[in-house]
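Undergrad: Residue numbers (the numbering used here), protein chains in the order written: chain G, 22 to 500; chain H, 269 to 391.
For the record, the hints were derived by calculation from the structure and aren't laboratory data.
Since we're looking at a predicted model, the values are computed, not measured.
Take these hints with a grain of salt, some might be off.
Which bits of chain H does chain G cover? Going by a derived footprint, with three or more residues having C-beta under 8 Å, they are [as the list claims (entries may be wrong)]: (1) 274-287; (2) 301-313; (3) 318-329; (4) 351-361; (5) 381-390.
Glycine residues also receive a C-beta, built at the ideal position from the N, C-alpha and C atoms.
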Amino acid sequence: MKRILMVLFWMVLVIPGAFFGISAAAYWVAYFFEGLFRGGAGVGNILVLVLAAVMIVATLLTLAERKWSAAMQDRVGPNRAHIEAGPTFIQKMRLGGLLHIPADVLKMLWKEDFMPAGARSNRFLFNLAPMLAFAPVFVLFCVVPAGPMITLGEQARKIALIVSNPDFGLLYVFAIASLAVYGTSLAGWSSNNKFALLGGVRASSQMISYEVALGLGLVGMMMTFSTVRLFDMTEAQTQYLWKFTDGDFGLPAWGIFLQPVGFLLFFAAAFAETKRAPFDVPEGESEIIGYFVEYSGMRFGLFMISEFVEVVVLAAICTAIFFGGWHLPFGEKALYAELFTQGKVFYGHQWIWGAFLGSIFWLKVLALCWVQLLIRWTFPRFRYDQIQTLGWKMLLPAGLVNVFVTGALVLWDPSLRWLAVLGIAVLVAIVALATLGTGGEEAAHAHDGHGGHGADAHGHDAHASVPAHVSGAIAPSTH
Amino acid sequence: MNPDPLAPYLPMAVLLLLGGVLAVVISFLASFLGPKKPTLQKATTFEAGSESSGHARQRFAVKFYVVALLFIVFDVEAVFLYPWAVKFRDLGWFGYGEMAVFAATLVVGLAYVWKKGALDWET
C-alpha cells in the first residue's frame, strides 16, 4: 500500500511538477534573454532545455535503466551508495539509489585516463573520437520544440520553447545525427585493438545501414504535413480527423494514426542508431566489448552519456512528430477557453498554460524513454546478419512502399482521412499480431523443433501461451 | 514564424559551439583530474586477459565496403525524396509518377543486389 502511494505520489505530483517548473523556468529565462538581444530566446532555451532538461533526464535514465532492469529481473537494483560523513541520518540516506549517479560521475572523472601503447600513434584521433561521439548527439535537441508559442510579460514578447526553428528542421537532425558514426568508427580504428576495430566496423556498418530506413521512415510524415519543420508538424497535429461530439472532442491527427509504419521504421532505425540492445552487436559486452574497449574514465563516460542523451532526443523527436508534441489529444481549446480567456481564473498568465503544455511534452518523452528501456531489457541481442537483413531486406522495402502508398492516399484524399483509416487498420493489425502472434509462433516453433525445444514442446507451448492471454502485451505483470 | 530568415542561426551556432566546447572540456577534465601511473602491463592492448597476438591493422570482410557503397546509393535516393515530399501536394500526380519512375530504377538496383547475394551475411 505504502509503495503504491509512493508511486502515485511520484507519478502524479513530483514528475509533472518538476517538468512544469522546468518549462516555466524555460519560458522566463527565454523571456529575459530575448530582452537582452534579438534571438536571445533561443539562447535562453539552450540553458534550460538542453543543458538542464535533456541532460538531467539523460542522467536520471542511467539510474532508471539499472532500476528498471532490476525490476524486470526481480532484483533490487543499485541502492548502496551513500555519503560517509556528517550526521547519522545523512549517512543512512539512500534516496532509492539516486546517489549512485554522482558517485558514478565522480568515479569516472577521477579515474586514471590512460592511453594504451597501441593507440599512441593515433593520439589525435584517439582523443577526438569520444568528442565526436558526444557533440553531435548533444546538439541534436536544437530543432525539437518542447512548448507552444505564447505571449509573455509586459513587453508581450512571443516566446516558444525551441532553441532554433530553421526552415530545414528535420534535415538538421539527419545531418547531425549521421555525424555520430565518425566517433564510433574512429574510436574503433584508432584504439589499435582487434576487438575495438571489429566493434567500430560493425557500428559504422550498422549505423549507415539504418540511416536509409531512418530517412525513409519520415518521408511519409513530410508528405502528409508538407513541411520539415518540427514546430509546424506539431502544430499540424492539433486538427481533428473526426469530431465525435459538437464540443472539443475527437480523434486528433497525430502522426501515429496517420503513419504507424513510418513510426515503426523510424523508431526501429533510430533504436539501431543508438546501438542499444537488441542492436548492440558493436558493443556486445559478452563477446567483444566494443569500440570503446580501450577508453577509460570520463572518455568512456562520454560514449555512455551520449547513448542516453540519444535515447532522450529520439523520444523527443518521436513525440514531436508522431504523438502530437505538447498537445493534449483533445479538449485543449475548450480548456484554454475555460481558464485563460478574458475574465477567467488564469487570464493574463499565459506562462501557466505554456508550462502546463510543456510538462505534457516531457511526460510523453518520459513514456517513450520507458518504452525504450522496456525494449532494451526484453529482447536478446540480434545476430549481425539478422541486423543487416532487417535493415536492408525489410525496413528499406517497407519504407519505399510506405512512401508511395502514403503519397497515393494523400493525393486521393487531402483531408488525410483515408490515410488515417489505413493507419488505424495497420495499428490494429500490429497490436493483434503482437498479442495473438506470440502464442502461435511459439507453438509453431515448438512443433518444428527448430529452436531445440523439441523435447519439452508441450511444456514450452503451455508456458508461452499464458502471458499472451493474460497480460496481452510485452509489459511484465506487476503483481 | 520567422520574419528574419537569419534569426534561427544565432542560437544554433551558440549550441553547436557549446557542444564542441563541452566535449573538449569534459575529456580534458578527465585527463587532468585523474592520476597518472602508467605501467607496461596497463599499456598493452586489452584482450580480455589473454596475451595479445597479432595487431589490429588487418584485413576485414569486404561486405562492410559493399554496405557502405549501397548506403550511398540509397541515402542519396532518400535525400532526393525530401524536397519532393515537402512540395508533394503542389506537384500532384505528375510529381508522384516522376518520383515513382526514379524510385523504380533504384528498386531494380536493389533487386539486383539482393539476387546477387550482396545483402546476405550468413556465409
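Undergrad: Each hint: holds or not?
TA: Status of the hints after comparison with the structure:
1. Residues of the region 274-287 of chain H lying with their CB closer than 8 Å to a CB of chain G number 11, which satisfies the three-residue condition for coverage.
2. Under a criterion of three residues with beta carbons nearer than 8 Å to beta carbons of chain G, the stated coverage of the region 301-313 of chain H is upheld, 10 such residues being counted.
3. Interface restraint, the region 318-329 of chain H with chain G: holds (6 residues with C-beta to C-beta distance below 8 Å; minimum three).
4. Given as covered by chain G, the region 351-361 of chain H passes the check, having 7 residues with a CB less than 8 Å from a CB of that chain where 3 are the minimum.
5. As drawn, the region 381-390 of chain H meets chain G at 5 residues by the rule of a beta-carbon pair under 8 Å; at three or more, the given contact holds.
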